[in-house]
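**Student:** Given chain B, work out where chain P should sit, using these hints.
Number of protein chains: 2
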Amino acid sequence: MATAKRDEKAICPRAEDYARWYTDLVLRSELADYSPVAGCMVIRPNGYGLWEKMRDALDGMFKETGHRNAYFPMFIPVEFLAKEAQHVEGFAMECGVVTHSGLEADPENGGLRPKRALDSPLVLRPTSETIIWHMYGQWINSYRDLPILINQWANVVRWEMRTRLFLRTREFLWQEGHTAHATAAEAVAEATTILEVYRRFAEEYMAVPVLTGLKTEAEKFAGAVDTYTLEALTQDGRAIQAGTSHYLGQNFAKAFDVTFQTAENTRDFVYATSWGVSTRLIGALVMCHSDDKGLVLPPRLATNQVVVVPIGRKDEEKALVAPVVERLRAELKPFDVIVDSDDSKSPGFKFAEWELRGIPLRIECGRRDVEAGQLTLARRDTGEKKTIPLAGDVAAAIRGELDVMQQAMFQRALDFRAANTRTVETYDEFKEALGPEGGAGFLLAHWDGTTATEKRIQEETNATIRCLPDQFPAEPGRCIVTGEPSARRVVFARSY
Amino acid sequence: MATAKRDEKAICPRAEDYARWYTDLVLRSELADYSPVAGCMVIRPNGYGLWEKMRDALDGMFKETGHRNAYFPMFIPVEFLAKEAQHVEGFAMECGVVTHSGLEADPENGGLRPKRALDSPLVLRPTSETIIWHMYGQWINSYRDLPILINQWANVVRWEMRTRLFLRTREFLWQEGHTAHATAAEAVAEATTILEVYRRFAEEYMAVPVLTGLKTEAEKFAGAVDTYTLEALTQDGRAIQAGTSHYLGQNFAKAFDVTFQTAENTRDFVYATSWGVSTRLIGALVMCHSDDKGLVLPPRLATNQVVVVPIGRKDEEKALVAPVVERLRAELKPFDVIVDSDDSKSPGFKFAEWELRGIPLRIECGRRDVEAGQLTLARRDTGEKKTIPLAGDVAAAIRGELDVMQQAMFQRALDFRAANTRTVETYDEFKEALGPEGGAGFLLAHWDGTTATEKRIQEETNATIRCLPDQFPAEPGRCIVTGEPSARRVVFARSY
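These protein sequence lines are chains B and P, in that order.
FYI, the numbering for the first sequence is -2 to 493, going by my numbering.
FYI, the numbering for the second sequence is -2 to 493, going by my numbering.
Only chain B is shown next, with the shape it has when bound in the complex:
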């Protein structure tokens, strides 16, 4: 069987082939599997557990900032998509299209074929601005109906040609926020509030540092006035977009004729935002932290934070260790502790399996530990071992160790980013820093602000402008390609 064969295969080391390491790891750790449907994946329980933790954390932050969840149909009438000119241009090519209902016997090949043609084809949502703004047109009449702060957790479809597990698949899971406001200022504030929610989530939960800032005209969302982005850096030096928040101005309100009565008794079009993160975050998480042994998960997102491995197969050893293990099972419940008492596998085999799975802390408990009144703790990110006293408050010690690990993972990623962010002054320097292929970190360089120059750089180097970064002070200079004036350096990188 295909899987059995894959299971026997080791994970390709990062240094040998980073792309293969990623795929091997996602499959071997059972985060996901390929599906029989081209371009789609199965998110297995280990991967879905991560998504649940991400969803719960984000959902809590959305609710704290006044948002509520809803659900809109996945089917979008073709004519809706056509109403906003840029939007349809951005998404038309990658739509999945439903044209029929029902199946009937197909006498020619003994199989089944679509039966009834729909009156009009339906698109599977690539994103939901159009259907949501149609509904907002029904719900909004006066400034008293504003703001509307709605989020949706849903599947979306984009018929991508080149796919990769978690990073780009034809169907994926995401959340999409869609808000409606009485003023431009309020809508811009919403877009940046969400950017900050996303930043906090990436840094405090995923332990992934992100650059934030505006996208260029060429890179922004189809239908947006402004797109704010979060850009992380993978271990192989590529940028990975971790989320976007769009200020849509009145574009969708105009396309769907959504006006409201202002407090001053005039009528105006409604201002909008939309914003989203997807299961792609799981790919980013793996790419930023994991190693050749397997997953390295930040404690705040790990489904199980601790695994206890009792050591010793002899009856007298077991008798000594068992009561301690039972105590740990009870005391460490808040950490969703796993106790691995399977006698058919050696401790070494178990250690490797749980390292592959990315459990943050391993507790080893053998005869010597019990006799010495201690437990041995091993940290997944560093491999460091230490002992803690059995007599003390074990849960508090574990909590402390997990906090240290969460913080250390973030700091390590921050240091990595600092070491892989370079300022370049000339196009030659830029090309040399990038190298012929692969990731080369973030490059800060001056750019003249034109799409023509941006496209030329992309064509010649395969690097794109990731954002106009918030994190670096504006400092005037001259474009590395044209020598034209530039108000600030922008961030370039090759990206996923």
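Among the hints, erroneous ones may be present.
Heads up, the list lumps identical chains together, so a pair's fine if it works in one copy or across two of them.
[Claimed, not checked] List of simulated lysine-lysine pairs, PhoX-like, C-alpha gap at most 20 angstroms: (1) Lys347 to Lys383; (2) Lys50 to Lys330; (3) Lys60 to Lys330; (4) Lys80 to Lys112; (5) Lys217 to Lys452; (6) Lys60 to Lys50; (7) Lys428 to Lys452; (8) Lys347 to Lys290; (9) Lys315 to Lys347; (10) Lys311 to Lys347.
Hints are computed from structural coordinates only; laboratory data are not their basis.
No experiment lies behind these values; they were computed from the predicted model shown.
**Tutor:** Then chain P, alone, in the frame of chain B:
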């Protein structure tokens, strides 16, 4: 605007037109709205909040019983559906079919048309047995890989011709569990464990009593050996199926060739179950409890359990009431309390609005209340008012009142079902009890066990066999139609 017009309209009383009452109420309380896509609905935040509470409660119970969540593609190859003969017969007619990707300009009518035909059409999952059992075939090799206990929260598509908000829509949300086992006994035990989880959820959270039991051959799931069902009774005397749990035997394992090595070193096909509940539960909840004033929600599923309405518009009244209201806002946070201080609306108007929304408890707090050292509590289900001392533990009093209300709602529904469950001995009695149309409660009657008789009764009376109930002792008799022997009475009703 269509909505504004609907908003002004009162809710049709149940006695006048129950179906219209239901639709008016769902729209007016903003649980849901019609969508521009035929047969689909928008679940608005008030409705989605209910679904979130349902999901969280059920998800907790699934996890307690060892299940984990995953996500499988929504797209199903047509040939997969065809592999299980009964399954394809049951679902072929109601599939949504994706045949193309991409859109291109359509010069003939100035719009857009589907661009690239897929190599092979894809079905949008009506349920996921086929794609999941294809994957289980990759994952299962030995008895050590069993059991697999996976659940999925997802949208599904069934191209229904007659639709109704929440009860029957072309796209709906649900959970579907799919488990794999080494023995038939284990799989049957799983199916009945889940039936009990569903029963507890319906009765303890929804406060909706349910009859449980097996479906007949004619009514069981397409591809199942046995289907267990939960049947609730609406206020207009119709049965409503609240969930099903299927023992699938080896049907899907055989269709997808999924075998495993047993502990005895032989190979056998894997045994399966599947089970699901959907957003239809929201419709059942409304139909079982709500009244002419609006929603009546059981406290355990209400997003906001308490609303505080300060009374009095004069400054001196406000000064007296405000500190009490602020204290309540803090103390009642665990109940997700709403404080409605909007001065532009009268207390009576507010009371009606929150009654429409189904907030379980209303606290009125005016000058007289504060001076008397008390609060006035109004219960949504009965309309009863009582006072509680301001000096005491208000949160504890509220908790007690909510528990009493939860229990009272269940008891009322139980009494209603008892009053609307009748035993009939002859077909004439049966038809008279049913009346010419509409709901008439549950009828317990003897049936000869044949599909022919079942179909005849359905054609002549529009009543169906809801289940072979667990709740009534088997008692032999003679079929009301054919006079043939019958081992037990079965439950008939007209249904939604």
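**Student:** Where does the structure disagree with the numbered hints, that is, which hint numbers, in rising order?
**Tutor:** Nothing - there is no hint that the structure violates, so all of them hold.
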